[in-house]
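Residue-level listing of the chains:
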Amino acid sequence: MREPPRQKWTARLILLVGAVAGAAWLCSLDLERKISTDVLDLVPVDERSPELSMVRTLAGQDEARVLLLAVRVPARPGEGADSRGARCDHAAAVLSDALASAPAIAESMPLSDSKPRDALGAAIFKWRFDFLLPGWLESRRAKYDAGHAAVPWAGWLAEATATDLESYLSKPEAMATQDIVTSDPMLLVPGLVGQMDGLSATGLAAGRSGEYSLVWARSRYSPLSPEGQRPVFEAVDRALEKAREAEPGAQMRWTGIGRFAAASRSRIESELTLLNLLSLALVIAVAAVCVRRVYRALHLVPVVLGSLLGAWVAVTAAWERVHILVFVVGSLLAGVAVDYGFYLYLQPRRRPDEPYMERASRLIRPLLASALTTVIGFSFLLWSELPLIRQLGVFVSAGLICALVTALLWFAQVDNSFLETRAFIRRRPSGLGPGARRGARIALALGALVAVAGPWRLHWRDDIRELEIPTPELKANDADVRALFGETGASTVYLTRGSNPADARASLHAFLAWLGRNEPEARMATLGYALPTEEEWGKLPAQLADLGDFEAELRAALGRHGFQPEAFAPFFGAWESELSRRDRPTYDRLVANLAGALKGPLSSLLHAGPGPSWFVTIAEPAPDREPPAITHTVTDGQLQNLNQLFSRYRVSALRLSSVGLAFVGASVFVLYGFRRGIRIFAIPAGACLFAFGLFGLAGATLNLFNLLGAFLGVCLSHNYAIFSAESARRGEEPPPSIRMSAVATACSFGVLALSRIPVVSALGSTVAVIVLAALAITELTPLASGPIWPKDSRP
Amino acid sequence: MIPVRQIVAAFAFVAAARGATDAGEVLTPEGAAGEWRPLIGALASKGPIEATFTEQRYFPFRSGPMVLKGVLRTSTERGVSLQYTDPEPNVLIADAAGLIIRNRGGRSREISAQSKEGGAIASLLPIMRFDLPALFPRFTIRASRTGEAWQFEFTPRDAAAAGSLGSITIAGSGTEVRHLEFRRSASQRVEIDVGSTRDGAVFTPAEQAKFFR
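Residue numbers (the numbering used here), protein chains in the order written: chain A, 1 to 795; chain B, 796 to 1008.
Hints listed in this document are in silico derivations from the structure and should not be mistaken for laboratory results. Beta carbons are placed, not taken as given, at the ideal position from N, Cα and C, and that holds for glycine.
Okay, derived cross-link-like pairs now, DSS-like style, lysine-lysine, Cα gap no bigger than 25 Å in a straight line:
no. : chain 1 : residue 1 : chain 2 : residue 2
1   : A       : Lys143    : A       : Lys539
2   : A       : Lys126    : A       : Lys539
3   : A       : Lys242    : A       : Lys115
4   : A       : Lys171    : B       : Lys1005
5   : A       : Lys126    : A       : Lys115
6   : A       : Lys171    : B       : Lys864
For the chain A half of the interface with chain B, some residues (derived, Cβ under 10 Å), not all of them:
no. : residue
7   : Gly80
8   : Asp82
9   : Glu166
10  : Leu169
11  : Pro172
12  : Val181
13  : Pro185
14  : His561
15  : Phe563
16  : Gln564
17  : Glu566
18  : Ala567
Take the sequences, apply the hints, and build the full model.
Below, the structure is given as structure tokens:
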């Protein structure tokens, strides 16, 4: 059958223009910048979740650029630990100097370098009345008020100060602070040091750990950008060479976010290539097995390519940055897009001279019904909060439309657009006896049982880390290096946030109170202890004015407790200056003074914006439960998995999917009427419930991507139900394209199930199970209800 | 932090010897093998002991010393432990891994022996064990003897350490340690008088857990 030349050339022209335009668009893109591997690009820029905005800020701040390096040298024969330690320190110093001179590194220092701690100590001591006096006065005033003391406030405070000082001198640590006690008889600074004891266990105070000397460094650029990866790795390599020149045999372990980001990008890129090729190969293999003249199956390739091209163009045109995961998951389109090729290509002619347009017009209704209902369903994902889901919605919708258009146009310009399938793919077991019918019914009943009982056993959990390929060796290395730096599992790191420093400090106040109530034995360390709340700071002038003749009272009290009051002249001088002071800084300035004193590793303990700010608190042991929302505090574990946030996205996706499915179902009822609509819709719905039931009985824990996979699977299996119904309406057997389509889709998604990215694997396995279940229902239902197609109607 | 460094440095009980009037003989690694060998050997080979002690802390801003009392324990394997009982219960432990301060509630604060501060503290252990090979690189050691009485004075070779730690003196009679002094200056010092001593003490598991790491 030869098609009209005008039809063929028109189709070719449209295809050519589309292909050239699409290819030109993609060539014009800077794919390096367009395609992101940053998991934070998967979530909205204006996400209202404070924990995510904190992660975003953390990722963009200095904290994300930190590199932790540990160096050791081999022991020489008979060498003592001191000598080896000194050589180790030397190697660390050389390494640190070499790093500091590299353009990719902003800052580097051996952890034994006490300058950051000295700078902080000096700043706190210098501004001790600003930082520490307001809280000190507040707590003592509360005690005074609670005790209903008969003596005046100033006298009571002086006596309490002298008593506390005398008691303090019997503590072991008093010997170290005796040099500052005459300047600080209120023990403001020693008191802070006592509160910060948990910090000493973090490794920040130690320059060595085991055989290793430790180096802290910070890269100049974000570790998520190319500038923050390879140049940094090269700088580290060069620094190690320098260290080895100084200390032959020096060994190093190091970690940094850049290592994970680079590994993730590399692995995802290779996976993208592999999955796409494997998926395409499997689809072609399915076609090759099922059709008579295999080479003619190549006509299906342009359909897949047209679909992928359209999807790439649409998604890259719609978004400034597109996450690479969209393209990985998008590889599934090969298995979906080929469906329309199957439906058109495998549809037998009614008569040998039936023209393509006539045959296509017979199929256009189910084709449009299946394509548009799926597109409508996926279009609802555009209302999702997650950019990833929105991008997937556009990718799949555009891909399906392009697949349908490409299939219609491609076969319009081919003279012989019918591909005959092999006999086995068309064979129907309709002639089997009651045994087969019973077997089919039992199978369907068992499936129904699984669908009813299994879903109740499902567990749901989301973890943003499942969006990336796990890198166990890097994770193990990271854990080891961080352990050397004192970050062990025994302590819990909390981040307390606020929209500004004052809010953050107020939240910290609430959090520390909660922590104290829930884990009284916890050792806590936070720089928040070094800052008053905004309220305490505002009350300081009035508190000082209220103290009256405190100075004279303190002199007398010190004398009563065996001290020489004149020895405390440094304190009294500073106290007089404080009382006469008129130019106190604003609260924000106060916080900035403290933040400005944080250098090197200590800079991670506090982030004082003009805007969002937070405090780090280290607690050991920590309560089992998460801090209440009112404290605006999260653990670093919560920040790592963002489970709560993604659970919310899952609920949102469930809502959108439900609305989408409702529209899909409604469109079926409109097109096919209620009774047939019910039968059509029961197949994908039953397959979906069966899949969830199966996962539930298997004890699987599902996530957001299982849900998305279910939605996709329902839309796809919905197509099979429509084509089966259309065939039944015409009194024909279901076309073989349904089987081929289902098998190709299952293969394509089965490939995704092999992905090392957990969420991609979840999506792939869900769709594959649903599609196969839908195919099984489509096949078994006629068997269970007896033969409905006369034997002589088979092609 | 400056205070941290000062605090942990002073955990080493910076103090002073009672004016070392007799400078004594400067020991060298070679000289230590001479007439001092029997005494050093006897002191070094002493097993675990348990003794009461009285500590006097002198501060430049107080008229008189702070007086503390407690129990001293040494263990060959576990280091040295000072259990303060009066006026406030505290336990101070110095061992190979560093220093631990344990308060009345059992809450511990640790300082690593490998940290800058802990490294200085770690030298206390070899002093108490008379482990002279470990001490010679760090300290100038002087020894003097009058009859049964003897005295060793340890002065850090490093000037900075000498400034912060001061000198450490151990005095005794026969094979008994009777007095320890940590002297930074005349007005900044700690004196520890060792009282009744029980040699060959055996510490129960409960005592080991409570008074050692």
